[in-house]
Amino acid sequence: MSLLQVDNLHTHFVTRDRDNQVRTATALNGVSFALADGEVLGLVGETGAGKSLTATSIMGLLRPPARIVEGRISFGGRTLTDMPPDELNALRGNEIAIVVQSPKTSLDPLMRIGDQIVRVIQAHRRMERTEAYQRALKMLAAVGIPDPERRAQALPHELSGGMAQRVLIAMALINEPRLLVADEPTTGLDVTVQAQILDMLRRLVSEMGMASLVITHDLGIVAHYCDRVAVMFAGRIVEIGPTAAVFGNPAHPYTRALIGSAPENFSLAAGRPGRGEPPNLYALPPGCHYVDRCPLADSRCAQMPPLVSVSAGHEALCHKATVTTHG
Amino acid sequence: MTMVVTSATPSRVERIVNRVIGVSRRSVVASIGVVILSAFALIAIFGPALVGVDPVHPYLDAILAPPSGRFWFGTDGNGMDVFSRVIYGTRFAFGIALPAVAVSLLIGVPIGLVCGYIGGTIDEITMRVMDAVRIFPTIILALAVVAAAGPSLINVVLVIGILDAPVFVRVVRAEVLALRSSTLVESAVAAGNPTWRILFVHLLPNAIQGATAQVAVRAAWAVRISATLAFLGVGIQPPTPEWGAMIRQGAELMSGGQWWVAVFPGCALILLVFGFNLLGDGLQDILDPRRKVSAR
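Line order of the protein sequences matches chains A and B.
This note's numbering applies: residue 1 is where the first sequence begins, and numbers increase by one.
This note's numbering applies: residue 1001 is where the second sequence begins, and numbers increase by one.
If we strip away everything but chain A, and leave its shape as in the complex, we get:
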């Protein structure tokens, strides 16, 4: 049985406009995927595709006007979507942890980082402060922070972005969770630091045997660090499968466009394959969401596309998936 199971997740933003009319942004429209113990799944897609929202939905961090209107998320056999806050708090930071995008603003600016990590430990287990502090120091060393004794005394503003991100990772891993959600863990860091942090993360994830959901818009990261990849577009997973299969034989036109627009594959002769804007989430087309930008679109695409099995464990949400892979 899989560790994390997301079934037909619909998360919508329900707001009212100036005339008090209800407006619904259908941000997630039936996201389904499963994640096994110890597996690393990459979630890619353009801005607004719903990558972070998927993570926020899993973590139970949605705030109004966002809410889950349909679907089910289960973790280790327990349903998260209707779990009382106390039980959810016992899981969060303990069995499921998240590393968020903006490290510098995610730490409490008034608390020394050693204390912040100790708090995460003590939120979930009874442990003497001194023992917890030693554990925090060990974890700081494990995430590659030099001189952890002194750094633990530092306040967040004294850290660089890369350091702060390492601290956040240390906080997320301190209770050895079974699932780590990494939401663009290296955004805003320079490339060398990015690589160091990802390598460190990958190593710790496999050492601790935890599953990981890595959210990114960087295909290079997915190719290097993920066992499987799920491509999102306008609130749906349009293609999912083993990384090698999806990148070697992309079945969905959007996946191909995404791969084609990666800098290393980009050529002026090929034009701009990924052009177009994200669709309007207030008025999505009834069938395939990619229809307006798809070079292969025809009349069939006004219908909801089927989930086509391309190869073992490799599926695409497209009318033309099988056709195009052979063509």
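One or more hints might be untrue.
[What the hints assert, rightly or not] Example chain B residues on the side facing chain A (calculated, C-beta under 7 Å, incomplete):
1) T1183
2) V1217
3) P1239
[Said to hold, decoys possible] Between beta-carbon pairs, the in silico distance windows are:
4) S1038(B) with T105(A): 34 to 40 Å
5) L1098(B) with L110(A): 21 to 27 Å
6) P1137(B) with P64(A): 50 to 56 Å
7) P1194(B) with N8(A): 26 to 32 Å
8) P65(A) with V1201(B): 26 to 32 Å
9) I1045(B) with E131(A): 42 to 48 Å
10) I1118(B) with S311(A): 48 to 54 Å
11) T15(A) with A1251(B): 55 to 61 Å
12) V1201(B) with P64(A): 53 to 59 Å
13) T192(A) with I1118(B): 39 to 45 Å
14) R1134(B) with H157(A): 31 to 37 Å
15) T192(A) with V1028(B): 42 to 48 Å
Don't read these hints as lab results, they were simulated from the structure.
Glycine residues also receive a C-beta, built at the ideal position from the N, C-alpha and C atoms.
Given chain A, put chain B in place with the hints provided.
Below, chain B without anything else, positioned relative to chain A:
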């Protein structure tokens, strides 16, 4: 800034001294306020012992005596030494203002925290109640409540404290509203913290900063209001050496030429309020992040 954070580790005393120097450099206004307030604090603590004159002893041979070598600030209509009364009055000024602000903080900060974080209907209702308290003329409300509850020191402190709580509700709520949607709170929730811990461990220390400058400003207000209540005859009652009550006594004598009875406590009052306000303004400058650079 002169702060060297990582390379050197100065001793605790050095750090504090450096910090004081740094702050006073950043705001001259605040430093003047601190000097004035420290002077008053010293007077409040040590003054009465040094003066050695009973502030309520009637010198019947010297009723309404003008300032002289024997009575520096003269005597009032009961023959009581105005100098000694002004000195003792400092204790009442602080003794009402500081506890009153403490009461405001104790009431206002938790309400502001909860309202700002939870939002929705509870917040809406609470804020309208706060508006109602604010919109009512404070003096009249305070007069009515003190008149009904009795003019004891405790009642005056409580009334002033409660009436001023909305200020702190607003300040703290505004800070929490800004912090609520921050990734700081998001990661605290994601770490499995229950709501109360997020409120009091993470939000409270971060939101209280905005309230610190207000503390001094509201203390000035509390000094003024308590004096006003006494002046109007519902606060602390004469012959207790309270400045407002003394000014009231003296006001009636001004036209007769016995200016000293009202002027000396009046000056003390103005100076103390001035001190609190300077400190408040200075703190606002120091704590306002947009002015950090220019105020350096």
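For each hint, the structure was consulted:
1. For T1183(B), the suggested interface contact is upheld, since its CB lies about 4 Å from the closest CB of chain A, less than 7 Å.
2. Interface hint status for V1217(B): violated, as the beta-carbon distance to the closest one in chain A is roughly 23 Å, over 7 Å.
3. For the restraint placing P1239(B) at the interface with chain A, the shortest Cβ-Cβ distance is roughly 48 Å, beyond the 7 Å limit, so the hint is violated.
4. Under the hint 34 to 40 Å, the C-beta atoms of S1038(B) and T105(A), about 38 Å apart, fit the expected range.
5. At roughly 25 Å, the beta-carbon separation of L1098(B) and L110(A) lies within the given 21 to 27 Å, and the hint holds.
6. At about 38 Å, the beta-carbon gap between P1137(B) and P64(A) misses the expected band of 50 to 56 Å.
7. Our hint of 26 to 32 Å for P1194(B) and N8(A) holds, since their Cβ atoms are close to 30 Å apart.
8. Taking the beta carbon of each, P65(A) and V1201(B) are about 28 Å apart, inside 26 to 32 Å as hinted.
9. Look at I1045(B) against E131(A): about 45 Å separates their beta carbons, and that is inside 42 to 48 Å.
10. Between I1118(B) and S311(A) the Cβ separation comes to about 50 Å, which falls inside the hinted range of 48 to 54 Å.
11. A hinted range of 55 to 61 Å for the beta carbons of T15(A) and A1251(B) is consistent with their spacing of about 60 Å.
12. Between V1201(B) and P64(A) the beta carbon distance is about 24 Å. The supplied range of 53 to 59 Å is therefore violated.
13. Taking 39 to 45 Å as the suggested C-beta distance range, the pair T192(A) and I1118(B) conforms, at roughly 44 Å.
14. Separation of R1134(B) from H157(A) is about 36 Å and conforms to the stated range, judged on CB atoms against 31 to 37 Å.
15. The given range of 42 to 48 Å is respected by T192(A) and V1028(B), whose C-beta atoms sit roughly 46 Å from each other.
Of the numbered hints given earlier, the model fails hints 2, 3, 6 and 12; all others are met.
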